Every structure is written in structure tokens, then in C-alpha cells.
Amino acid sequence: MDQDRAPLQEALERMRRDRLVPFDVPGHKRGRGNPELTRFLGEQCLSVDVNSMKPLDNLCHPTSVIREAEELAADAFGAAHAFFMVGGTTSSVQAMVLSNVKKGDEIILPRNVHQSVINALVLCGATPVYINPQSDKSLGIALGMSLSDVRATMESHPDAKAILINNPTYYGICSDLKSITEAAHQKGMRVLVDEAHGTHFYFGRNMPISAMAAGADMAAVSMHKSGGSLTQSSVLLCGKNVNPHYVRQIINLTQTTSGSYLLLSSLDISRRNLATRGQEIFDKVERFASYAREEIGKMGDYFVYSKDLVNGDSIFDFDTTKLSVNTLGLGLAGIEVYDILRDEYDIQIEFGDLGNILAYISVGDKTKNVERLISALSEIRRLYKKERKGMLEDEYITPEVIRTPQEAFYADKISLPLQECEGKVCAEFVMCYPPGIPVLAPGEKITRAIIDYIQYAKSKGCVLTGPESMDVTRLNVLKGE
Amino acid sequence: MDDLWYSEYHTPNVRFSIKVTSQLHFEKSDYQTIGVFDSPEFGRFLTLDGIMMLTEKDEFIYHEMITHPAFAVCPGISRVLVIGAGDGGVARELAKYPQIRQIDIVEIDERVVEVSRKFLPQTACGFSDSRVNLFFEDGLKFIRRKENEYDLIIVDSTDPFGPGEVLFTREFYGNCYRALTDNGILINQHESPFYDGDAQEMHQAHKRLSRVFPVSRVYQAHIPTYPSGHWLFGFASKGLDPLEDQRESQWELLRIPTRYYNSQLHKGAFYLPNYVKELLADE
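Sequences listed follow chains V and P, in order.
Everything in the first sequence is counted per our numbering, starting at 1012 for the first residue and increasing by one.
Everything in the second sequence is counted per our numbering, starting at 126 for the first residue and increasing by one.
Just so you know, the hints here were simulated from the structure itself, not pulled from any lab data.
If you're wondering where the values come from, they're calculated on a predicted model, not measured in any experiment.
The beta-carbon is built from N, C-alpha and C at its ideal position, and this holds for glycine as well.
Fair warning: there could be bad hints in the mix.
[To be verified] Computed footprint of chain P on chain V; a stretch qualifies when at least three of its residues, placed anywhere within it, have a C-beta under 8 Å from a C-beta of chain P:
1. 1355-1369
2. 1372-1386
[Said to hold, decoys possible] Non-contacting residues of chain V with respect to chain P, defined by C-beta distances greater than 10 Å in every case (computed):
3. D1160
4. K1318
5. L1394
6. L1489
Can you build the whole structure from these sequences, using the hints too?
Structure (C-alpha cells):
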């Protein structure tokens, strides 16, 4: 297929050229009705913020230009079918889960899934079977799933309908996608991949294997992360054994009927860019990341990691475009370095957790900004380094699933002060954000270790979200359990 | 004769124009555009990204003022790092001090040096001093590796947008602090307090500098071809005060030839107009 084309962009340009008189929504009418907004966002932008119409196709039932654009995307990603999504990769993940499991079904997943996965289980009523992601104690990060853990879980839950894999993780760690996929398919399980951080695997050189190349059934891809499209746009990919028409019905359960053409055209244009220039783009990103790793590694106290972590199993491969740095050698939590970078040096990085920071390097970066980041880290080491003590290791806490997320979410519940929750069944989520991995999911037992972790994360400045009690001083628990 | 004028926008609403007789050079380097023109009033002049960097007529003011005040406070300076300064003007002034042992110049854009050597001998003569070592590197990267190495750092940068941007950041100032000896001094071009846009940049730069160095003062000069003509320099140190620690007689003994700078002017330059003082005090 001709990857130089961008059918949606072309259709929008045709529409603009034809000077169609709008007597339809949106009411700003190409921006004229909202001059302040038009000044702020730009006339070009507002002139293509339009509604579905015949020449522009319809996202809920694509038959012309959206369909062509999706076909080009499927071709570029090596998928049988691609859906343009406008509700973030959250919507892609949910559609992926809802298309494969329903109430009473089991789904195998690593605990470090994104909250959108567990939210999808609240919606559909399926039961999670968690796999303990291996973790690196010295780094304090969750790794990939080990193949033997996956096999053992499949043996003990042979009726599970699907397995979901994070690949890569936020930190760039990849599981053995191909072997896990083969194992799952032998058991008749579907393979769903949360590939939110892996768009570039489809386009760069020497990248870890992508979900579609590994034979996975579906993959949720955040084009807006490394792919360069607008925030909230995403792509859902399907392999050859998936019925795309059923997936579309699932998507339409929750998707807007007014899909934004700003988002859709950004997906189309980004796909063209990646398909035609992806290699050089990600070569550059890789160079920036390697250079920064080398320079930061030389400073001392910071620990940078990359493919050297690879162990053939729970770290099967590593995404070298990710710049992850462990800060514990400085006596500082990652979240502290994250805050200092923003407050004192005007540098916003992607996230800091208890022991690490992650700086997102992309096609939009410039050498001088990479130099600034390196120099600021060098300054932080000079000025803020302290005795390493009292740094709690980020322990994996095995969840005890007492009820399904759906049952617990909708059950009768009472609110208790956090300290009195030990032994109760939680009715809501507690996320430590970023990176948005659940500390507690609905239906899980609240243990002392979890209460301590919540307090520690709060004291380190992590943002805890989810509970009705916004400052997480109380939790909703199941009545009578 | 053709009526050719070179114009530079000092603000979106203010334009500064001088008549030119010819354009001698124009190129787009990896970092910026570089132009050289001849003019009847200001002689030859250099532009980077469309902004006048120096003219033969008034460059002496800038180069003397960015160089000599530090020596009046610490006449024994022996190792000097200059960042930017691809035209050679700062090097020319530094070369007047025999006690200096080392002049490292870090310019990101080699083309600026080459163009200056070809068209601007009045300043580029500074490069011929045997103590000068030229490095074509990112200033921020260069200085990150230095510790306790220089008595004086002069930051002769472009404005805080474009390639000079990193030279106005807190991490850069912090790296300079580390690169300086205990008696070390940092001098930088500090933008202008007059037009709002420049004043904001100046204010930000001063705030960042003050958070890194215990002593952070500002002094002024009148430079006709820079926006508003009223230009500031920063004097930052780990302890030396530009007025209390001025070694007037010691500096006089060196008999450095200058056309703008002198010991009385040194004192006066640190006395600022009220609106500038207020701007600097405003945290």
C-alpha cells in the first residue's frame, strides 16, 4: 500500500478547499463563533474541527476515508485490522479486554497492569488471575513476566480465556512475547498486549519484537506517546484470527459518536510519518538516549540501565529508547529528583517513582535540551546528595483477590479510616501515580504492608488516586467482610 | 546609490535601522544564520539570526565591560574560560593581561569563528594570542566536566533564545560555580532592563544566577547598537564583591589600555537606576 498517502488529511483538505457552508455541528463553525478559542488554538486547527459527514466518513461505521486510513495503518503495523481510537489508549485497552472476556471468565494478567485494565474488569465482570511480575529489588521496579510463571498459571487456570501482557513496561522492559504467545495459543487463550509504550517497535531498527510480529491477537498502541500523534489518540490492532466486526461493536458500546477529526487526522499523519521516516526518527531517539545514559552513568551515584539487564526471561529484551535512571545512590527518591528538576530547573520529566526517574526522549528533542537534562542531574548530585538511609524498597505485595472487581465495586460498602482497614476487603482502587499501577484493586484484601506502603508513598510525594477520600485517609471497604 | 538599510526589530513595535553599503557574507550554519555587512556609520558588523552582535564602532564598549571589571577585583586571575565569543573580541581584551596563563574559548559554532577571522580582524585578532585554546562544543557540555579549574568565566552569549538559551539556565550557572576556584568570578551578558521582553529575560536570568552564587551583582554600560542602548552585565562570585573588593591601584599599575573602562567608571557602573533596582529586587 502507498504509505505516502494520508486519506483523512486529504479529505479534510478537500473539505476546506470546497468551502462547504456549515449548517451542522460543531457550533463554533470553523472557529468563527469562538474568536478567543480560535486565537488560542489557531484557525487551521479550528477549521478541521468538524463533524462526521459523507466526505469525511464516520468513525462508528467507517466505509470510506477513515476505513482507508485504518487499512493503511493496519498495513504499516503488520496487523490484519486497525481501529483509530479517540478515547486514549485506555479505550483501546478496554475494547481489547471487553472483546475477549465476559462475566465469569478468567483473564491472566501481570499485577503491574495499567488501571484501565482493571477498570475494564469492573465493566465486564471477569475475574483477574494475577501473575507476580518479577522485580528487581535493587532498582525497585517491576519486570516482565517469566515464562515459567506464565506456564504455571496457565496450568492452574486452564479455562482462562485470555492473557494480557504489558510490553514494554513503562521502564522499557520486555517479556518473552513470542514464547508467551505460543504457550497461550496452545492452551486456546487469546493474547492481548498493552503496547502503550511500544509504538516505535513497529518502525525503528533493532527494536524488541512487536505484538503483531509475535503473533499476538490484539494490541493497544499509544500513538500519542512515541508515535507523535495528539494526546488521547490511539490505535487498536487486531491479528488475523480476530473478528473485527465484533470488536467494532464492542468499541461502539462506549466510544463517542462524535470522534474528533483533530485526533483522527493526527493518527493518519503520524502513521504516514512513522511508515516513511520511522527508522531515522528512532535512530535519533536511540542516539539521544544512549548518549544521555553514558553521560549520566559517568557522573557516579546515578545508575542507568539498559540492555545490560537482559536475563533471557523476566527481562527478555530492553527498549533502549527509554532513559530510566535509578536515583537511590544519591539518597534521593526518584519522585524527589522529579520534583527538583521541575521546581528548580524548569525540566519536566515523565515520572519519578520511589527509586527511579524516567525521561521521555522523542523525535521532538534537541541536543541542547538533552544537555540541559544531563547538566541538571549533575547539579542535583552536587547539591542534594545525602546519606542513603531509610529508603524503603518498593516491595511487590501479592494481591489477595477475595471478590471480582465488579462485585466489589458495586457491593454495599462502608468508609473506614486507613489505619482501621487491615483485614478488610477493599471496594475501590488505590493507584500510585505515576505510573498508574494499582496498589489495591476492588475486591482485594487490605493488609498491613499495603497500609504502610500507602503512607510511605504519600510521604514521598507520590500522587495517590482512586478512592472517594481524595487524600486517601480513608478507604471504602466491603460491609461485613 | 541604492538606499540599503539593515533593520533589526528591538521589539515587535520598534525597529533599529542602519544604512549599509554592502553585504559581505551570509550563511546558514548548523546553529544559526551568520551575516556580515559594511555600513558607513558603524563600520563592519556581524549578525547572528538577524540580530546585531557587534559593530566595529561600538564593540569596544561591550568587550571592555565584559572583561575588565573582573580583573579590577581580582588582578591575579590566571585561568580564564570564555563561553561564546566567537568573534574574538573578549580574547583580544584578555590578551592585554600578561599574567593570564590560559584562555579557553568554547564556541558552539565553528563557522562564527571562521567568518570572524575572514571579515572581522578588529576582534578576531584576539584568537592569535598563544594562550588561547579554541573548543567548538556545547558550552553546557564542556563545563559539566570541569571542577575548580577557572578563576574567571566570561559568558559572552547570544540572547536567551536560540543556541544561547542553555547559557541562561540554572544548571549552567551551577556547573559554572563548580568549575570556578574559591575566588572565582562569573561575568555574563545580562540582557537589557528596558523593553519588557528583554527585561523579563534579564529578571529570570538574574534570579537563577542569584540562587547559585552568594554574590550576584549587576552593572551597566551604554552600547548604542543594542536594544535601547542600555545594557547590563552580571557579576557573580563565591565571595568577592565588585565594589568592596575593587583593587583600584593594583589594576592601575597594570596600565591596561582601554577606551571605555576606567576605575571610576567601574564604581559608577554598579550604581543602577531605580527601575532596574526594583526589577532586580522583585523575586
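Right, here's what the structure says about each hint:
1. 1355-1369: Since three or more residues must qualify, the claim that chain P covers the segment 1355-1369 of chain V holds, with 3 doing so at under 8 Å.
2. 1372-1386: Since three or more residues must qualify, the claim that chain P covers the segment 1372-1386 of chain V holds, with 6 doing so at under 8 Å.
3. D1160: At roughly 43 Å from the nearest Cβ of chain P, D1160 of chain V sits farther out than 10 Å, so the non-interface label holds.
4. K1318: holds (25 Å)
5. L1394: violated (7 Å)
6. L1489: holds (50 Å)
When held up to the earlier numbered hints, the structure conflicts with hint 5 and nothing else.
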